[in-house]
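Undergrad: I would like the entire structure built from these sequences, with the hints used as guidance.
Single-letter residue listing:
Protein chains: 2
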Amino acid sequence: MSLRVAILSTGEELTTGKIADTNAQWLADRCFGLGIDVAAVLVVGDDRERITWAWERAFDIADLVVCTGGLGPTTDDLTTETVAALLGESLRFDEASAEQVRKLFASMNREMPESNLRQAYFPQSATILENPMGTAPGYRVTCERDIGGEWITRHLVVMPGVPREMKPMFDERVLPWLTSLPGVGAAPVTRVFQTFGMSESALGERVSGLLGMEDVRVSYRASFPKIAVKLILAGSLAGAEQRVEGLAVRVREALGPVIYAEGEATMEEEVGRVLRANNATMAAAESCTGGLIGHRVTDVPGCSQYFLADFVTYSNEAKVRVLGVSAQTLDSFGAVSEETVREMAAGARRLSGADVAVATSGVAGPDGGTKERPVGTVCFGLDADGVQLSRRHQLWGTRAWIKLLTSQIALDWVRRWGLGLPVLESGFRS
Amino acid sequence: MSLRVAILSTGEELTTGKIADTNAQWLADRCFGLGIDVAAVLVVGDDRERITWAWERAFDIADLVVCTGGLGPTTDDLTTETVAALLGESLRFDEASAEQVRKLFASMNREMPESNLRQAYFPQSATILENPMGTAPGYRVTCERDIGGEWITRHLVVMPGVPREMKPMFDERVLPWLTSLPGVGAAPVTRVFQTFGMSESALGERVSGLLGMEDVRVSYRASFPKIAVKLILAGSLAGAEQRVEGLAVRVREALGPVIYAEGEATMEEEVGRVLRANNATMAAAESCTGGLIGHRVTDVPGCSQYFLADFVTYSNEAKVRVLGVSAQTLDSFGAVSEETVREMAAGARRLSGADVAVATSGVAGPDGGTKERPVGTVCFGLDADGVQLSRRHQLWGTRAWIKLLTSQIALDWVRRWGLGLPVLESGFRS
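Residue numbers (the numbering used here), protein chains in the order written: chain A, 158 to 587; chain B, 158 to 587.
I should point out that these hints are in silico values taken from the structure, not numbers from a laboratory.
Hints are supplied without guarantee of correctness; some may be wrong.
The list cannot tell twin chains apart, which means a pair is met if one copy fits it or any two copies do.
[Said to hold, decoys possible] List of simulated lysine-lysine pairs, DSSO-like, C-alpha gap at most 27 Å: (1) K324 <-> K260; (2) K260 <-> K528; (3) K260 <-> K383; (4) K387 <-> K175.
TA: Right, dumping it as structure tokens:
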């Protein structure tokens with residue numbers, strides 16, 4: 158009998174439709190992986206009566222209630238006082254938590270508003286869950302509740318609603334305790350392949366042919382511009398590890414370089430790994446991506462070892478003055494041309510002294526499209542010792558999509574160059 | 158008294174975390190716009206018992222229940238038989254709906270599986286809602302239910318879970334009927350202020366003092382690094398517009414330039430608006446932000462009118478070779494110093510010919526911190542005609558967080574410069 162959980166999300170931003178309840182999805186996914194049965198998700202606004210109602214309904218159907226939201230310092234943050242009332246407990250002040258909040262503010266040379274001390278109060282019986290990412294600690298409580306005349310054990314977990322704070326709190330402070338509860342299974346055996354350049358249906362056709370013998374499940378999760386292919390098998394099954402790895406080997410063969418990473422690694426992390434392995438440095442020259450390539454590369458800690466410089470030459474004048482693109486090239490072929498991006502890449506490499514430089518120039522839209530160069534037209538260039546590549550692609554979608562897809566293709570070019578793979582085959586042929 | 162709605166979403170893909178419940182968000186947003194009060198969102202899997210439970214809980218707290226999902230042709234689509242049982246009604250076959258399903262398949266030259274006829278059965282009292290987009294019609298029912306010994310009117314709306322089918326069905330078939338119900342109509346009067354530079358609790362203290370006389374509600378939505386302050390008043394109340402605007406005036410006074418925009422505008426859009434108004438151009442020189450400033454500025458369509466170039470000089474050598482920062486400055490003060498960012502900003506302006514240039518250099522972490530310059534140390538510089546500003550800030554958080562906050566402060570500097578406001582007061586003093 159697996160543990161039943163109810164996920165409780167609170168916040169006016171949810172009941173007024175300002176944001177989607179991604180916390181509930183993330184938590185449900187985590188629970189699914191642990192063989193925990195999600196009995197229901199309940200969402201209510203910042204209203205004492207409704208929060209109380211939701212908790213009571215959750216206790217009716219679940220052994221464990223995981224609640225997010227309502228731990229902020231303002232008066233519309235009502236979770237803790239509501240929980241304490243439900244438990245029939247008073248609030249206790251936790252000096253250690255208060256001290257941590259003071260420290261956080263001190264580290265920013267900021268005075269702590271008194272109201273922030275509200276976040277240092279907890280129900281008497283609460284076990285506090287530290288929050289390294291913010292000022293609102295979470296907590297958990299195990300209690301006996303009268304459910305239809307019977308005293309039954311119920312577990313409560315309360316966490317902040319900010320995903321950036323909630324996710325690490327769950328993985329680091331809640332999971333170890335959770336997996337010790339009865340009815341919580343061994344984590345499933347999984348393999349995740351990060352792919353770029355093939356449509357979901359194309360991936361499905363390649364992979365489905367490999368299945369059958371094993372009872373391994375495959376799930377595809379598209380989060381533009383990448384698609385993750387995940388193999389899943391219940392950890393309780395005999396030889397699960399070997400069976401999943403056996404299929405993983407065949408998936409690697411079937412997809413080849415379309416797989417740019419395994420596990421949760423990002424394209425920019427993979428680019429860093431490849432450049433380090435080659436002891437190589439990189440630079441970029443961006444127009445339509447406006448700095449997104451450099452931003453992604455520098456999201457990776459330690460990138461200063463291989464990332465030297467990025468030249469965002471948005472105006473034609475900057476392309477000439479900064480990167481040394483010839484005015485004649487711009488006149489004859491235009492800013493969005495293979496000729497221009499080749500000179501941009503060469504200029505970026507010359508100026509930075511990097512081993513490889515990638516360049517982008519295109520029409521991100523929504524305006525600026527012409528008959529010859531409609532919105533979505535993007536040219537890519539790569540310059541390295543003895544290598545000068547360029548290609549024009551017709552992309553699609555919103556401005557944000559085109560920028561993101563363009564940065565992904567450019568990064569994949571650098572990855573493929575570093576791995577000695579055919580660079581021009583990158584992209585998105587389905 | 159506004160109509161209370163409960164949104165009920167069914168489907169295993171929701172309770173296993175495969176997808177987020179975007180239908181609930183979309184419906185909540187629609188309801189909010191109509192002044193309908195979303196009392197709760199309930200999500201359960203494809204389980205007869207749990208779907209029944211969810212419907213009963215929904216009837217307890219809402220006048221109207223809007224349900225999506227479970228109308229498919231397969232045996233795990235249980236919504237209609239569950240609803241009929243709740244209503245104590247048998248199912249009736251609707252020939253017209255069946256004919257439409259047959260037509261749809263014929264139009265695709267596909268044979269209709271018998272199972273699809275399940276989608277032509279409805280509770281006896283149901284008013285059918287055509288589905289031009291798919292094979293599953295929706296329906297609505299108005300009934301009297303015994304709620305705690307009293308007969309009370311309840312409305313049910315049942316729609317397919319596929320967003321592409323649900324959304325037009327709601328707008329075309331449900332809305333016209335819905336707006337005829339008592340308690341539906343006048344959308345609430347709202348004002349949204351986008352703020353940066355003050356903590357949520359500090360904002361709360363400033364704003365709460367203004368409240369009281371009015372019954373205007375205030376909600377704070379922190380989506381790092383900005384915090385939106387929203388004033389809300391039911392549109393049905395007399396003089397709602399004037400009362401909200403009256404408070405809005407006082408909020409503008411109380412928060413001043415901490416408000417960077419009203420409505421949904423972003424900081425980068427506001428920077429663009431201010432630069433256009435001044436007919437001014439900008440450039441940037443980035444180190445720790447790695448291109449994020451340029452990326453954000455170029456997310457705004459038409460930015461080519463004011464954004465010229467961005468120099469991401471990650472290595473010290475690039476700072477010297479590209480921006481002309483003096484090697485001596487780097488030697489004596491280091492890359493993360495007010496002296497260096499001043500020269501970076503000056504170099505970016507000189508190279509690009511922009512009217513204003515902003516520069517960032519800092520320690521984004523997690524490594525690279527020293528005793529003098531711990532992780533989070535960031536220096537900002539701004540260079541314009543007759544203006545040379547710099548400041549060192551101690552930021553905090555993850556690498557991504559520090560990059561984002563740094564880009565926000567830099568953009569706010571440009572905004573304040575363009576508005577003739579004291580630039581150095583930007584940041585996050587509470």
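Undergrad: Does each hint hold? Answer for all of them.
TA: Hint check results:
1. K324 <-> K260: within (22 Å within a copy, 48 Å between copies)
2. K260 <-> K528: Classified as between; 17 Å across copies, 59 Å inside a copy.
3. K260 <-> K383: Intra 40 Å, inter 22 Å, cutoff 27 Å: inter-copy only.
4. K387 <-> K175: between (31 Å within a copy, 12 Å between copies)
Every hint, counting from the list given before, is met by this structure.
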